[in-house]
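Novice: Now for the letters of each chain:
2 protein chains.
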Amino acid sequence: MAARWLFLGFMLLILVGKAETRLSVEKLNNEVITSHRDLAADFKEMYFKQILDHFNYNSLGNGTYDQRYLITDQYWKKGYGPIFFYTGNEGDIWEFALNSGFITELAAVQGALVIFAEHRYYGKSLPFGKDSFNIPEVGLLTVEQALADYALMITELKNELGAQTCPVIVFGGSYGGMLSVYMRIRYPNIVAGALAASAPILSTAGLGDSAQFFQDVTADFQKINPACRDAVKGAFQKLNTLAQQKDYSRIQSAFSLCKTPSTPKDIHQLNGLLRNAFTMLAMLDYPYSTHFMGSMPAFPVKVACETMLNGTDLMLALRDTVGIMYNSTGQLTCYDLYSLYVECADPTGCGLGFNSNAWDYQACTEIEMCFESNNVTDMFPAMTFTEQQREQYCLKRWRVLPRPGWLKTQFWGQDLSAASNIIFSNGDLDPWANGGIRKTLSPSLIAINIPEGAHHLDLRESNPADPESVIVARKKESEIIAQWVKAARKESS
Amino acid sequence: MAARWLFLGFMLLILVGKAETRLSVEKLNNEVITSHRDLAADFKEMYFKQILDHFNYNSLGNGTYDQRYLITDQYWKKGYGPIFFYTGNEGDIWEFALNSGFITELAAVQGALVIFAEHRYYGKSLPFGKDSFNIPEVGLLTVEQALADYALMITELKNELGAQTCPVIVFGGSYGGMLSVYMRIRYPNIVAGALAASAPILSTAGLGDSAQFFQDVTADFQKINPACRDAVKGAFQKLNTLAQQKDYSRIQSAFSLCKTPSTPKDIHQLNGLLRNAFTMLAMLDYPYSTHFMGSMPAFPVKVACETMLNGTDLMLALRDTVGIMYNSTGQLTCYDLYSLYVECADPTGCGLGFNSNAWDYQACTEIEMCFESNNVTDMFPAMTFTEQQREQYCLKRWRVLPRPGWLKTQFWGQDLSAASNIIFSNGDLDPWANGGIRKTLSPSLIAINIPEGAHHLDLRESNPADPESVIVARKKESEIIAQWVKAARKESS
Numbered sequence: 001m002a003a004r005w006l007f008l009g010f011m012l013l014i015l016v017g018k019a020e021t022r023l024s025v026e027k028l029n030n031e032v033i034t035s036h037r038d039l040a041a042d043f044k045e046m047y048f049k050q051i052l053d054h055f056n057y058n059s060l061g062n063g064t065y066d067q068r069y070l071i072t073d074q075y076w077k078k079g080y081g082p083i084f085f086y087t088g089n090e091g092d093i094w095e096f097a098l099n100s101g102f103i104t105e106l107a108a109v110q111g112a113l114v115i116f117a118e119h120r121y122y123g124k125s126l127p128f129g130k131d132s133f134n135i136p137e138v139g140l141l142t143v144e145q146a147l148a149d150y151a152l153m154i155t156e157l158k159n160e161l162g163a164q165t166c167p168v169i170v171f172g173g174s175y176g177g178m179l180s181v182y183m184r185i186r187y188p189n190i191v192a193g194a195l196a197a198s199a200p201i202l203s204t205a206g207l208g209d210s211a212q213f214f215q216d217v218t219a220d221f222q223k224i225n226p227a228c229r230d231a232v233k234g235a236f237q238k239l240n241t242l243a244q245q246k247d248y249s250r251i252q253s254a255f256s257l258c259k260t261p262s263t264p265k266d267i268h269q270l271n272g273l274l275r276n277a278f279t280m281l282a283m284l285d286y287p288y289s290t291h292f293m294g295s296m297p298a299f300p301v302k303v304a305c306e307t308m309l310n311g312t313d314l315m316l317a318l319r320d321t322v323g324i325m326y327n328s329t330g331q332l333t334c335y336d337l338y339s340l341y342v343e344c345a346d347p348t349g350c351g352l353g354f355n356s357n358a359w360d361y362q363a364c365t366e367i368e369m370c371f372e373s374n375n376v377t378d379m380f381p382a383m384t385f386t387e388q389q390r391e392q393y394c395l396k397r398w399r400v401l402p403r404p405g406w407l408k409t410q411f412w413g414q415d416l417s418a419a420s421n422i423i424f425s426n427g428d429l430d431p432w433a434n435g436g437i438r439k440t441l442s443p444s445l446i447a448i449n450i451p452e453g454a455h456h457l458d459l460r461e462s463n464p465a466d467p468e469s470v471i472v473a474r475k476k477e478s479e480i481i482a483q484w485v486k487a488a489r490k491e492s493s
Numbered sequence: 001m002a003a004r005w006l007f008l009g010f011m012l013l014i015l016v017g018k019a020e021t022r023l024s025v026e027k028l029n030n031e032v033i034t035s036h037r038d039l040a041a042d043f044k045e046m047y048f049k050q051i052l053d054h055f056n057y058n059s060l061g062n063g064t065y066d067q068r069y070l071i072t073d074q075y076w077k078k079g080y081g082p083i084f085f086y087t088g089n090e091g092d093i094w095e096f097a098l099n100s101g102f103i104t105e106l107a108a109v110q111g112a113l114v115i116f117a118e119h120r121y122y123g124k125s126l127p128f129g130k131d132s133f134n135i136p137e138v139g140l141l142t143v144e145q146a147l148a149d150y151a152l153m154i155t156e157l158k159n160e161l162g163a164q165t166c167p168v169i170v171f172g173g174s175y176g177g178m179l180s181v182y183m184r185i186r187y188p189n190i191v192a193g194a195l196a197a198s199a200p201i202l203s204t205a206g207l208g209d210s211a212q213f214f215q216d217v218t219a220d221f222q223k224i225n226p227a228c229r230d231a232v233k234g235a236f237q238k239l240n241t242l243a244q245q246k247d248y249s250r251i252q253s254a255f256s257l258c259k260t261p262s263t264p265k266d267i268h269q270l271n272g273l274l275r276n277a278f279t280m281l282a283m284l285d286y287p288y289s290t291h292f293m294g295s296m297p298a299f300p301v302k303v304a305c306e307t308m309l310n311g312t313d314l315m316l317a318l319r320d321t322v323g324i325m326y327n328s329t330g331q332l333t334c335y336d337l338y339s340l341y342v343e344c345a346d347p348t349g350c351g352l353g354f355n356s357n358a359w360d361y362q363a364c365t366e367i368e369m370c371f372e373s374n375n376v377t378d379m380f381p382a383m384t385f386t387e388q389q390r391e392q393y394c395l396k397r398w399r400v401l402p403r404p405g406w407l408k409t410q411f412w413g414q415d416l417s418a419a420s421n422i423i424f425s426n427g428d429l430d431p432w433a434n435g436g437i438r439k440t441l442s443p444s445l446i447a448i449n450i451p452e453g454a455h456h457l458d459l460r461e462s463n464p465a466d467p468e469s470v471i472v473a474r475k476k477e478s479e480i481i482a483q484w485v486k487a488a489r490k491e492s493s
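These protein sequence lines map, in sequence, to chains A and B.
Taking my numbering, the leading residue of the first sequence gets 1, the next gets one more, and so forth.
Taking my numbering, the leading residue of the second sequence gets 1, the next gets one more, and so forth.
Any given hint could be a false lead.
Same chains, same label: a pair holds when it works inside one copy or across any pair of copies.
[As the list claims (entries may be wrong)] Below, in silico cross-link-like pairs of lysine-lysine (DSS-like), each with a Cα-Cα straight-line distance of 30 Å or less:
1) Lys158 to Lys265
2) Lys223 to Lys77
3) Lys124 to Lys78
4) Lys396 to Lys49
5) Lys486 to Lys439
No wet-lab data here; the hints were simulated from the structure.
Extracted from the complex, chain A is given alone in its bound form (with noise of 0.2 Å):
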């Protein structure tokens, strides 16, 4: 979901190197177009004049915005195939384009034309540019503003390329599978079906249990091994007993911080800090190297418990350990406490990429994340995020009141019996699947369980790594993602 942009600095730095090299730029129909003929698949990056304001002809919105997207034609059976149009959920648009494989590897097989639309305020789609999160302009990002965005550019864009009987299938990961999600149940006269990749459409709901996120980010790490959960909780608990001396000289040694900590909050931003590194080895927990959220080795999480059962001390092994999230280069010598994590609305974090500004405000209005550790159920220290400690902050940062039920009413939480078409696809490892949908609830309401999957590890390219398990269920995919277009053209004939 969103402890994602830790190492954006590093990343986007790469990603938007590649993206510039710009080998060509042309005008049509308003929109600049600019090919990346170095990229896997042939992406055009273009721009949609976006109405702001959906739902007020009256607002400070009252006007359009320039919404980015990629696109490629190479594989499509020009006006007959279909359209496959990735929701972009909370980052730069390349990032997901280059990280989700499998939709162009089946465009190949289908004959599909390709869309990744950028999730307004995110990346480059930002509305009021450098001002877009001031207040008030940052109060057109909403849910319902993304999904209207990609009515309206899925409408248009099937007019402009003479598409318009083509049908439409929705993809997304993570928040981008919510979006997916949502509109499959919002637009079905648009979109024909959706797959929805690791997306929790419940825990960010509010449904569900507040413990399970961390409970299953531990049990990841149980599953190497129980010694490596009780290593880690040990570790914690030295942490815990230093601070509770005010032995911040040993801690900043320990951990090899650049600061000496001096306070309560201190701590609890570094344990903060540490609990979010376990989050992402989970989360990224694939079996071979990747660049995505972060450099990963490959199965994160074993190297994680290898290293920290090497070594004799706790503490220095827990330091170790989380750098292999925050110093996969090798290049820090000390830890900053503030800059290499944010608190924010997100307990699984909103991290630094310029972009956390846009999710610290989604996790303080429509998507509700008051995910907790208790030291019980897992093995971190117990860190509270109740409504109430939400609301607070949301008031101070934003002037903003959270609306708990909002995405339920919205969106339908479990109440999803007058849907269809859908994929709910989820890995085992991932510590988001158990806030979204396990079970199939009816023939074109599908689960699909990865048992040695990590966050979408279905929607990234194939590679040799892959276990049986993500090969099946993209076969599945394909399968039924054929049926729905077939289905569709015979509906709409």
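Given the structure of chain A, go ahead and fit chain B onto it with the hints provided.
Specialist: Just chain B now, with coordinates in the frame of chain A:
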């Protein structure tokens, strides 16, 4: 739909007079309760603290307003019986409650709780009081906000009343019927089924023929007697001839106008006023006299044709015919051109009600009604209302640009295959009927056509003069609704 507020001066005095007969006022859960024991159903008038802006946490609407609703539990099997929820449309909610007796009759049979919710910006549900129609305050008047109001109100009232497991059926007539459709497709998690009476969901979404409406008005008169249509057409032609001759004083005397017309604009206004009377006569062609959107005799179209064909002077006959609508009391000695009819973004009229502003704004934004008469397929003078004219008017009046296609994108237009549990009822006499769904689309998207029915006759209370077709329709509606309620219980248990 709209051409209804003509005699609102009279009507509202009567209604509000009734509504103000407050027998008891008490406080419960911050809401004021008022009993109206003098009314047929024992409605209590209450207010719900409603979110002002559901779609922007940081707008001028960062607060609440008092939304009015009427409620009666006199027939409710408390905690078990269903909830019948009227999705209020463009007017004072008492007017709909007093003219939709079928809902309470059905509640008596099915043990239902009945709620009539007032639409924001109408009646007493003015979010910003007397400033509600200023710019930008009017900006929070949208279909989406109204639907979210109802979703939230239902959810919270269910909790408050111990009705959590009670299935909800929504009802609505005209624009209210459109809202019922939208509630079911948007919030099937909250609403088990919808009876949408006379809901022109296609024609108001820009789908269909712009000539249909006035053609169908004409057909009603033609059905009574083709000579009637010819007489109306002939009278308009005479008026046109006089106007071309600039014989304004003869026009004044023929039509008993209070002031002598002096410009083409005055003549245009007169044509609009005259045409509008026929719209109202056709819409309200009930088999007994009514006091809904003005006072009407029984079978007003028949009465109109008798008047039209009585006497030798066509223009005098036309004057007397529109008098059925404008001068039902016989008190007017002359017609004031600009006070009896107000031209607006709805060519079927916005009338003179204190909420005509609200409907005009809606017709300038989401609701598309570019209906035209052409003097070929209808009996009226050719009066265009193009999308360009609409734009021009709306920009000047409200500083907004309409967004054609938006309603179709947002609420699916004719692409209803993903919808379920909706009855689309229409009366063949109603000029709105052919702007709606006339054919059953699936086993749970059922069209009920009522040959002798005018505008949502089926929602009105039983009357000895009811034609057989509406009795049959109500019986069928009643059976289907009982099935929905039963199925919803089964599903949630």
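Novice: Of the numbered hints stated earlier in the document, which are not met by this structure?
Specialist: 1 and 2
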